[in-house]
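S.K.: So the chains spell out like this:
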Amino acid sequence: MSDPQTTKSAYAKPIPVPSHESRPFWEALRQHKLTMPKCSACGHRWFPPTLLCPSCRSAEVVWEPVSGRGKVFSFVNFHRNYHKGFADERPYCVAVVALDEGPRMISNVIGIAPDEVRCDMAVEVVYEDIAETATLAKFKPVG
Amino acid sequence: MAHALRDKYAIVGTGKSQLGRVPGVSTLGLLEQAIAQALDEAGLKNSDVDGVICRGPDDMYCFHQHIARRLDINCGFSTSLDNGGASQILSISMACMAIEAGLATTVVCGYGRDSWSRTHATKEARTQTDLVPAAQRPREFGPEHGYFAAVAPHAFGARRHMHEFGTTREDFAEIACAFREHALRNPEAMMKEPLTRADYLAARYIVEPFGLFDCSILSDGAGAVVVTSAERARDLKSRPVTIKGFATFNNTKGWFEEDHMVSTAAQESGARAYKMAGVGPSDIDTGQIYDCFTYMVLTQLEDYGFARKGEGGEFVRSGALRLGGALPTNTSGGQLSEAHVEGMLQIVEGARQLQGRYDASRQVRDAEIALVSGHGGNTVCHSTLILGKA
Ligand SMILES: [Zn+2]
Numbered sequence: 000m001s002d003p004q005t006t007k008s009a010y011a012k013p014i015p016v017p018s019h020e021s022r023p024f025w026e027a028l029r030q031h032k033l034t035m036p037k038c039s040a041c042g043h044r045w046f047p048p049t050l051l052c053p054s055c056r057s058a059e060v061v062w063e064p065v066s067g068r069g070k071v072f073s074f075v076n077f078h079r080n081y082h083k084g085f086a087d088e089r090p091y092c093v094a095v096v097a098l099d100e101g102p103r104m105i106s107n108v109i110g111i112a113p114d115e116v117r118c119d120m121a122v123e124v125v126y127e128d129i130a131e132t133a134t135l136a137k138f139k140p141v142g
Numbered sequence: 000m001a002h003a004l005r006d007k008y009a010i011v012g013t014g015k016s017q018l019g020r021v022p023g024v025s026t027l028g029l030l031e032q033a034i035a036q037a038l039d040e041a042g043l044k045n046s047d048v049d050g051v052i053c054r055g056p057d058d059m060y061c062f063h064q065h066i067a068r069r070l071d072i073n074c075g076f077s078t079s080l081d082n083g084g085a086s087q088i089l090s091i092s093m094a095c096m097a098i099e100a101g102l103a104t105t106v107v108c109g110y111g112r113d114s115w116s117r118t119h120a121t122k123e124a125r126t127q128t129d130l131v132p133a134a135q136r137p138r139e140f141g142p143e144h145g146y147f148a149a150v151a152p153h154a155f156g157a158r159r160h161m162h163e164f165g166t167t168r169e170d171f172a173e174i175a176c177a178f179r180e181h182a183l184r185n186p187e188a189m190m191k192e193p194l195t196r197a198d199y200l201a202a203r204y205i206v207e208p209f210g211l212f213d214c215s216i217l218s219d220g221a222g223a224v225v226v227t228s229a230e231r232a233r234d235l236k237s238r239p240v241t242i243k244g245f246a247t248f249n250n251t252k253g254w255f256e257e258d259h260m261v262s263t264a265a266q267e268s269g270a271r272a273y274k275m276a277g278v279g280p281s282d283i284d285t286g287q288i289y290d291c292f293t294y295m296v297l298t299q300l301e302d303y304g305f306a307r308k309g310e311g312g313e314f315v316r317s318g319a320l321r322l323g324g325a326l327p328t329n330t331s332g333g334q335l336s337e338a339h340v341e342g343m344l345q346i347v348e349g350a351r352q353l354q355g356r357y358d359a360s361r362q363v364r365d366a367e368i369a370l371v372s373g374h375g376g377n378t379v380c381h382s383t384l385i386l387g388k389a
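Just so you know, the protein sequences line up as chains B and G, in that order. For the first sequence, counting from 1, position 32 maps to 31 in numbering that gives the first Met the number 0; every step adds exactly one. For the second sequence, counting from 1, position 37 maps to 36 in numbering that gives the first Met the number 0; every step adds exactly one.
Hints are supplied without guarantee of correctness; some may be wrong.
[What the hints assert, rightly or not] Calculated lysine to aspartate or glutamate pairs in the EDC-like style (CA-CA distance at most 20 Å, straight line):
#, chain 1, residue 1, chain 2, residue 2
1, G, 252, G, 180
2, B, 37, G, 163
3, B, 32, B, 63
4, B, 137, G, 367
5, B, 83, G, 139
6, B, 70, G, 163
7, G, 252, B, 20
8, B, 139, B, 123
9, B, 137, B, 100
[What the hints assert, rightly or not] Computed footprint of chain B on chain G; a stretch qualifies when at least three of its residues, placed anywhere within it, have a C-beta under 8 Å from a C-beta of chain B:
#, region
10, 139 to 149
11, 156 to 162
12, 192 to 205
13, 247 to 260
Worth flagging that the hints you see were computed from the coordinates, not collected in a lab. Positions of the beta carbon are idealized from the N, C-alpha and C atoms, including for glycine.
Make the full structure from the sequences, and use the hints.
M.R.: Written as structure tokens, this is what we have:
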């Protein structure tokens with residue numbers, strides 16, 4: 000029965016700091032929705048976000064939910080300690096996940112031993128609320 | 000028709016500072032040492048220099064101004080560069096362009112760093128293991144997932160290459176061991192102990208698939224070269240090395256995009272440099288390949304056409320990188336075993352091999368053409384330099 004304040008202060012990992020362009024991404028994650036920018040004019044999808052469509056420069060950028068499914072494009076397992084918040088979880092897996100809709104993003108693969116992760120493994124999103132204001136999209140193997 | 004700048008410019012002096020653990024000497028001091036050695040070799044006075052293109056630590060503003068001031072010169076062309084490890088070859092390319100445009104006649108190019116002192120020299124430094132200034136660190140899309148340090152993106156590349164082509168850590172081991180063997184022949188190299196395959200495989204992981212010996216070493220040090228016209232070079236006292244070709248190409252869409260992490264910007268940069276120089280991979284006698292991590296050597300060997308894509312592992316296992324092999328590479332020990340000065344020392348080594356100034360134990364026999372590469376700037380920037388014996 001942890002007090003939310005205690006839980007919050009116990010979270011020792013970096014909390015993301017949204018930019019003007021990325022704020023909708025983080026706000027949607029709070030609602031457990033993974034969204035990606037999409038251009039209403041040309042249909043292009045990309046990530047990380049920009050102010051204008053990088054393909055046609057339209058300002059008609061909308062954030063559209065994606066399926067949350069993708070594949071591990073590549074992954075690494077951190078053994079060396081770079082941050083005290085992650086020290087006790089080593090080795091942990093950081094991956095580039097290629098979403099089925101195209102965009103690629105940095106995340107973690109969880110729910111599997113780091114040395115059992117493989118490139119091109121099918122994964123799906125899981126949401127992890129880390130603070131009052133922030134939720135992370137992580138991935139676990141499908142099935 | 001031959002490229003108008005092919006063989007038109009030359010490196011007329013090369014210099015290195017003290018290397019390794021040099022506490023108490025600033026990056027500017029180290030670069031002063033390297034520049035003095037390069038100008039001495041050419042027989043030039045400071046006042047003969049009218050161009051400075053330099054790079055130092057990322058937190059130093061207008062680094063080139065500090066260097067020009069220490070030389071007590073005004074400049075027709077001076078600037079600092081911002082392309083990471085691809086900057087140093089770019090500085091030589093820009094020197095040629097500046098001289099061609101009539102902005103300068105004699106340009107000093109150099110890079111200095113104090114990476115060992117920053118991270119090891121004092122108790123305070125030992126807690127500061129990140130060389131990236133705080134203001135440049137990302138605040139989203141990375142740190143919240145525990146994604147830190149330059150080693151990780153390169154390890155992503157290695158992992159993907161292993162997956163697509165069956166490359167193994169044994170292949171990376173050969174790269175680390177070959178360069179260490181070269182370092183043992185180089186009295187200036189930081190690493191003095193032999194390295195075996197077993198040592199490599201027994202070492203701790205850093206960011207898997209990379210272990211300790213996949214990673215280049217933290218060093219204090221500087222390197223410098225002097226660039227002028229091949230015509231002017233004939234009147235100087237040094238043996239010049241001609242600049243046959245140069246190029247740069249940046250996969251600025253990003254390392255995670257397309258197939259960049261297994262087919263790097265070295266492909267396009269290399270194709271352009273070969274065209275300018277009028278040579279191909281089979282003409283290259285020695286490679287000085289940017290080795291921030293072992294895997295980067297392997298993919299570049301493929302990207303430059305020394306092996307087909309996916310066959311870099313087989314190429315290195317043949318012993319090709321060793322002195323006497325098909326492509327003696329990083330003959331000073333490189334950044335894995337000599338010192339990591341962001342590629343500057345590899346330009347110096349390429350030039351010195353073509354001058355034929357080493358004793359037989361570390362000289363590439365009959366070396367006439369060298370290929371030097373630079374890679375960096377968040378893994379997307381690349382540059383290529385092809386040098387020829389004058
Ligand atoms: Zn568009």
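S.K.: Confirm or reject each hint.
M.R.: Okay, the hints, checked on the actual structure:
1. This hinted pair does not check out: residue 252 of chain G and residue 180 of chain G have alpha carbons roughly 37 Å apart, beyond 20 Å.
2. For the hint linking residue 37 of chain B to residue 163 of chain G, the alpha-carbon distance of about 30 Å lies beyond 20 Å, and the restraint is violated.
3. Taken as a hint, the residue 32 of chain B and residue 63 of chain B pair is honoured in the structure, with Cα atoms around 9 Å apart against an allowance of 20 Å.
4. Using a Cα cut-off of 20 Å, the hinted pair residue 137 of chain B and residue 367 of chain G is violated, with the two alpha carbons roughly 53 Å apart.
5. A C-alpha spacing of about 18 Å is found between residue 83 of chain B and residue 139 of chain G, which places the hinted pair at or below 20 Å, so the restraint holds.
6. Straight-line distance between C-alpha atoms of residue 70 of chain B and residue 163 of chain G comes to about 14 Å, which keeps the hinted pair within the 20 Å bound.
7. Distance restraint check for residue 252 of chain G and residue 20 of chain B: the Cα-Cα separation of roughly 18 Å lies within the 20 Å cut-off, and the hinted pair is therefore satisfied.
8. For the hint pairing residue 139 of chain B with residue 123 of chain B, the CA-to-CA distance comes to about 6 Å; that is within 20 Å, so the pair holds.
9. Simply put, residue 137 of chain B and residue 100 of chain B have alpha-carbon atoms about 17 Å apart, close enough for the 20 Å limit, and the pair holds.
10. Counting residues of the region 139 to 149 of chain G whose C-beta lies closer than 8 Å to any C-beta of chain B gives 10; at least three are required, and the coverage claim holds.
11. Restraint check on the region 156 to 162 of chain G versus chain B: 4 residues with Cβ-Cβ distances below 8 Å, three needed, restraint holds.
12. For the region 192 to 205 of chain G, the proposed coverage by chain B is satisfied: 3 residues have a C-beta within less than 8 Å of a C-beta in that chain, meeting the threshold of three.
13. For the region 247 to 260 of chain G, the stated coverage by chain B is satisfied: 3 residues place a CB nearer than 8 Å to a CB of that chain, which reaches the threshold of 3.
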